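A.B. asks: The residues making up each chain are set out below.
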Amino acid sequence: MTTICDEMDNSRRMRLSRKARIALFFLVESVVALAIGFAALFLSFGPGWSAERPQPAVLKPSDARSGSLLLKTDDGYTDALRLGVDVDLTVSGPTVRARVTQIFRNPTQQWMEATYVYPLPAGGAVDTLKMVVGDRIVVGDIKERQQARAIYEQAKRDGQKAVLTEQERPNIFTNSVANIGPGETVLVQIEYQEPVQQNGNEFSLRVPMVVGPRYNPAPVVQSVDLRPDGGGWGSTATDPVPDRNRIASPVLDPAENAAINPTNITVRLQAGFPLGEVKSHFHQVKIDSPDSTRRVITLAEGPVPADRDFELTWKPAAEKAPSVGLFREHVGNADYLLAFVTPPSVEQARERPMPREVIFVIDNSGSMGGTSIIQAKASLLYALGRLQPNDRFNVIRFDDTMDVLFPTPVAANSANVANATSFVSALQARGGTEMVPSMRAALSDNNREDADYVRQVVFLTDGAIGNEQQLFETISALRGRSRVFMVGIGSAPNTHLMTRAAELGRGTFTHIGSVEQVDERMRGLFAKLENPAVTGLTAKFSEATADMTPSAIPDLYRDEPLVLAAKLDKLAGSVEIKGRIGDRPWSVTLPVASAAEGKGLSKLWARRKISDAEVARTTRQATPEESDKTILALALEHQLVTRLTSLVAVDKTPSRPEGEPLKLTELPLNLPAGWDFAKVFGERPRLQVAPTERRADGGDARVQVASLKRSPVVTTPPATVPLPKTATDAELKMIAGVIFLTVSLLLMLFNRRQMSSPR
Amino acid sequence: MPRFLPPLIFALIGLILFGQGAYIHAKALLAQVLLERAFTKTIATGHPVKPWSWADTWPVARIEVKRLHVSTIALAGSSGQALAFGPGHVEQTADAGERGVAVYSAHRDTHFRFLKDVAIGDEIDVTRGDGKTFRYRADASSIVRFDQSGIDPAGHGHELVLSTCWPFDAVTSGPDRYLLHATLIPAGS
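Quick mapping for you: the protein sequence lines, in order, are chains C and E.
Counting with this note's numbering, you get residues 1 to 759 for the letters of the first sequence.
Counting with this note's numbering, you get residues 1 to 189 for the letters of the second sequence.
These aren't lab readings, by the way, just hints derived from the structure by calculation.
As the structure is a prediction and not an experimental result, all values here were calculated from the model.
Incorrect hints may appear among the rest.
Cβ-Cβ distance ranges computed for the label pairs, FRET-style [what the hints assert, rightly or not]:
no.	chain 1	residue 1	chain 2	residue 2	range
1	C	Ile735	E	Arg145	25 to 31 Å
2	C	Arg752	E	Ala170	34 to 40 Å
3	E	His69	C	Ile735	24 to 30 Å
4	C	Met755	E	Ser142	58 to 64 Å
5	E	Ser142	C	Arg136	52 to 58 Å
Under 8 Å between C-beta atoms, here's a sample of chain E residues computed to sit facing chain C [as the list claims (entries may be wrong)]:
no.	residue
6	Arg3
7	Pro7
8	Ala11
9	Ile13
10	Leu15
11	Leu17
12	Ala22
13	Gln32
14	Gly88
15	Ser105
16	Phe114
17	Thr172
Yeah, the Cβ is synthetic: ideal placement off N, Cα and C, and Gly gets one too.
Chain E with its partners taken away, still in its complex shape (with noise of 0.2 Å):
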């Protein structure tokens, strides 16, 4: 009996680590379906429609790379709650198409996971709330520490900065964040 109990132990724990891990993508994944759901609705509505009855934040805004085929849908707030079902919009940036420096931010081993496949001249869709569409290039990418991120929200240019923890590889989370710029690209050109 004594023999079986170590194995037991062992899966059980095992189990449940796995099971944790498994639980954050199956979060990312399926909190998406909802919130491609809700953004659509919203757009339609041209109100905010939260994704479920209990969230705490809401759509905003769709990011979409055609060339890598992916569309992910950002949250209002980057709190560590809103970031576990998608992107977040970094609270005091601007808006999407605004004058400033949009910031989006996300977890590098879910949503932003194609960040590094991302080049530069690669074309980003962001599609807002009330469904304008802002296409924006990718123009440079930076590495930095999360509290020097250099960023000055209130900037004269139209810009977008998609942020993720760096090294993309890593196991581990560091001070280190993966930066890319992008510029818009103005309407009708």
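Excised from the complex, chain C in its bound form (with noise of 0.2 Å):
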């Protein structure tokens, strides 16, 4: 008995002292662990443990608060990857020769890529790309785009200097440069040829310095993929701007940033005949006079930001235009010719001219904000001001939205324009630019039948979206009747939208880069919309075989030359022009033997048949594999950077040490002058921006870009404001702590159970 008794004390007293052993154990546990935490706040403090920064954020040296703060990130330098651009322009006669200079010097101490994108007349030739490293000069050479991608790629991998250039759009091109050292400056220089535009008696250049931030509309449009294997299961996925990241840059604020990209420009006019007025619209500039047909033009304060386009005008001496140009080059084994001839101005010949239908489209979207919104309401406002009586008209705004005034066009009496001027005159730039849908509305013609009424299109935009191709496939499409004539508003318009769309719409492009040029431009424009258009226009050679572009030749509007280039077997013989002037028949003939010599007129020639072949694609006159053939053949026959081909240069020295990193940096682009920088981005921008002077008041953008012209180019890269890693790992490491504890706790008590059963 009294054996069990104790047996059964003895158990309960050993179970007893186990718990307080186990709660014990817990105590002296967890108040070491709680030392060992106190005593390790004042012996280590390493940042292994806690939140470490997602990515270092570029800190200047003003905004360092402490010496360490600014060693650990001093990463903020890195980005600083400096651009100077040069540009030199030789007119002669016809043609335009243009050589673009890059410079991109690497300050920091870290081997470079740079990538830089840039804009160029759309009518370019791009045919030469040379890079020069040191005291060597090493010339591109054109290669399809996909193979020059993989000598380039090989190049930078192999640490070899390389330059490529890639066409985004007729008018964006991209600049790769890899392995630029650290304190090294590359030099890489394009040239391009163009032809001088003429209108009426004035003739121009224009040279884009900026890639306006263009809006992309989401994929809503999905058009569907089947494929022949798929059983009628395909994909329907088609972004509309398949490339967004390729023409997108880092824009920089221009009411926190000091303007970017210093841009030097000198034009050598030979013009070919006597001088009258030479005029830069947009820039200061000096002109010299060695004689009286050549004229040399610099920038009269030094380079200039890269943030509107230049644009050089210049007029003859005598009253009138010479209404004839004719040039010729010789390359390989044929003959270029290149011809402009301007249609005389024909008085109508009808007593009153036909009324006119117009349909107006106003952008007032956010890319618009600024001065453009205030020339486009102008020019509106001018517009509706011409319209006569008897015509009928309607007005169509847009930014992602979409209002049309009248439901069908009214007469443009005096109430319906009263009533239009002050909606007109209400409008504010704001949001997306969803340029499509209002096209199409502007194109739907309900008065089909009524022959009596000319129907224009006039559209306002400064064309900043990355959706041309649906916009180009909207007009041939839907055109109809319909003529569209573009006007191209702001510093910076997107040319190649607006020439392809007006050629597309059989109207014209005009441009509006001030307000003080909305009168005479839009006087020019309604002399076109309202005199009869030179139609029915055919060339004919009569002895020579000629590969003619255009190939049908447009409709020409008051002032505007027919601009004709053609490739010929043999330099002989004459070509007769006819065509009819409102209803008068017109006709001219120029002797091809008395051509001048000209330069580059073959580009030319490759440049404009390649774009004929763009125009066919979307006008499904050819499918996208044969224009794709004739473009491939003609790019690398005449060496010209298309969508298809690239050009690609690599200095075979290979300059970067295997093992040493390579950082890529894309160069930002100022905004256009005039933009407003919150209309385009919004409230809470895409591309945030680090302010160099935080608490300074942004005040007018176009005032701090002016005033910080001649300063030195010193600019922060933008950054995002990355939120710190904000999650300690304690409460892991405790669980597993506890985790740890029991298990040896169970251990424990297992070992004491083994040792006490023999017993």
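Build the complex from these two chains, which are given one at a time in their own frames, with help from the hints.
C.D. replies: Structure representation (structure tokens):
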């Protein structure tokens, strides 16, 4: 009995003591843990345990609040790759030869790869790429696009200096430069050829300097891709802007950054006739005149930031501009001919002009903010004032929404015009740019049978969209009898969109770059709208076999010259151009053999042919495969950069040592002058920019850019506000600790049981 | 003898891990005591005062939510070291009370644990180093990726953003951040 009792007693005591021991164990452990924790507080401050920044913020010395902070984040300097641009233009008669030198300077301690997105004139034929490293000059070769890209990537991996020039749009190009060493400067030079623009008495050239940020619509419109082997199942994924990343660059807010990318421009003008007025529209220039036919134009105050297009116009000293120009060039075994013919302005043959139905479309999207919307509204108000009582009209405004003022076009009586005037005056710039629906609305023609009216669409926009192709397809599919007149607004409009849309819409492109130009340019546009076009144009060579471009000559409006390029097998005979001005027949015959010597005409011919092939692709006159084949053949023969071909130059001497990392920099762009940063990027911008002077009141962005023009270029690369990592692994560690302790306790109990069981 | 070894090793590892976890919390707690003291001195003297001599940061603001009875001292900068001791005032964002967005960031399991209890409409008081107090009203919350915060540091309003990791109860760290947006209540109203 006693033994049993004793044993029970014993076991109870044992259980009690075991409980006490477990409790004691935990108590001791927690005390030790806390003690270790507190002790460690004063011993080590290793950053390993707690949060670390996801990425280093870009810091400037002035932002640093303590020495150590700056040391830790000195990555802030690494983005500071610098770019300077020098543009040298030589105008010889009908053509412009441009040499654009981009100077990439790397002041950092790292090896850099730079990409720079830049615009060129839409009709420019890029044919030469040179890279200057130290005293070596490497000349680029034209290659198929993928092949060029592969060569570039290979050189980049091998540590060789390389440059790649690619076309993103006919007027947007990208230069990528690999392996710019610490402290090094690499010069990249491209050359292009372009025809001089002529309008009536005035000749002009235009150097686009910045790619305005584009509005890229979300993929709403889908097309179904049914594969033949898919058994009826296909995918629906068509992004209207498949290359949206390739045409977007970081953009600096002018209110918060000095303007960047200093650009110098020199124009050597040899017009070939005695010159009258020579004028730069948006830049202060100095004009030297060595003799009556030559001018040298330079920027009056040195380099300017690349934030607006350069436009130069010149007029002949004589009352009337030469109405005919004929130039030739012999390349390989072929002759190339370039002809400019301005049809005479014939006074109206009828008593009164045909009444018109005019649809005005105005873009009031965010990119039009600032001065652009003022110019657009002024232009539209001018246009409304010019309407005749027997005309019909309508007004459409669009951003990412759209309003049509009248359900159907109405008579231009004073009540309707007043209504439209107040509608236009109230417009404000905001929102995205959904251009396609408004173009569709403008082209929907309800009075198709009404042949008494001439139908015209006047479209005012900056063309800052990435889905140009969709717009072109809309125009070519729906144009019907309507004619589309594009009015490009602002300091850096998308000229490719304007010219191609006008070409497809059989209209014209008018550019308005400042409020002062509104009157003059709109008057020019109305002269085109109100006067009969030159129609039914044909050109025939009497002896030579000619490959002509444009193959079907478009209609011409008042003051527009006919520009014809042709490849001839022999330079003989004449070319006869025929057409109708209004209802009168017109013809002119040019003797081919007496053409003057010109330069780069073959390139212009090829560029024009390539453009024709792209148009044929849009209008579905040729299959994509056919037009691609044509483009590739022309590009390779004439050494031109196109959608399918790129220039690549590789310096065979390796420069970057193996193992050194290469950092990619996308060079930021200025916002085009007069644009409103907040309107384009919204209240919470997609692209955030590190402020240089956070509390400085932004004020008027343009004033700031202007005042910063001559100051040295100092910028902070853009940065987002990255949020720091804000989770510790305290809980994770404590949970793991408890698990380990529990396991150890269980093991201990298990051991004890095993020890006691044999007894 | 070898029988005792495994439980001892486990106990040791457990102890160290638990200790490390506890250390983070202990550091967060103790540092706030020191920071409170330094911040009081900062307001009194008008100069930044370091909480301890070797610190590489200093208190810049006190963030209070009266309804929840929480008060925490924020530090300059949001480096990992600073965040171990208190909320950090994210670099290149506005100061409290200034035009723009003031962003403060802290750990979800220490100083900003209370964020999940802050309701829309709660008042958040921020006292700056110069002694001025600004009252904000919480008006929205959002969840974003750390690199897509959508915060414009030079925005036009007077805003406050408190940021911490999301979700609150996760054990491991992820890319998502919880943002509490608040707007300044103009003084005198």
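A.B. asks: If a hint holds in the structure, say so; if it does not, say that too.
C.D. replies: Do the hints match the structure? See the list:
The beta-carbon spacing between Ile735/C and Arg145/E, approximately 26 Å, falls within the hinted interval of 25 to 31 Å. Taken as a hint, the range 34 to 40 Å holds for the pair Arg752/C and Ala170/E, whose Cβ atoms sit roughly 38 Å apart. In this structure, His69/E and Ile735/C meet the distance hint of 24 to 30 Å, their C-beta atoms being roughly 28 Å apart. Between Met755/C and Ser142/E the C-beta distance comes to about 60 Å, which sits within the given range of 58 to 64 Å.
The given range of 52 to 58 Å is respected by Ser142/E and Arg136/C, whose C-beta atoms sit roughly 54 Å from each other. Interface hint at Arg3/E: satisfied, since its Cβ lies 5 Å from the closest Cβ of chain C, which is below the 8 Å cut-off. At about 4 Å, the closest approach between the beta carbon of Pro7/E and any beta carbon in chain C falls short of 8 Å, and the interface hint on this residue holds. Here the hint on Ala11/E is kept, as its CB sits about 4 Å from the closest CB of chain C, short of 8 Å.
Satisfaction of the interface hint for Ile13/E is found here, the shortest Cβ-Cβ separation to chain C being roughly 5 Å, below the 8 Å cut-off. Taking 8 Å as the C-beta cut-off, the interface hint given for Leu15/E holds, the closest approach to chain C being about 6 Å. Using the Cβ-Cβ criterion of 8 Å, the hint placing Leu17/E at the interface with chain C is satisfied: the shortest such distance is roughly 4 Å. Annotation: interface hint on Ala22/E holds; nearest CB of chain C at approximately 4 Å, less than 8 Å.
At about 12 Å, the closest approach between the beta carbon of Gln32/E and any beta carbon in chain C exceeds 8 Å, and the interface hint on this residue is violated. Checking Gly88/E against chain C by beta carbon gives a least distance of about 7 Å; that is within 8 Å, so the hint holds. A hinted interface residue such as Ser105/E counts as satisfied when its beta carbon comes closer than 8 Å to some beta carbon of chain C; here the least separation is about 5 Å, so the hint holds. For Phe114/E, the interface hint is violated, since its Cβ never comes within 8 Å of a Cβ in chain C; the closest pair sits about 13 Å apart.
The restraint placing Thr172/E at the interface with chain C holds, with a minimum CB-CB distance near 7 Å, inside the 8 Å limit.
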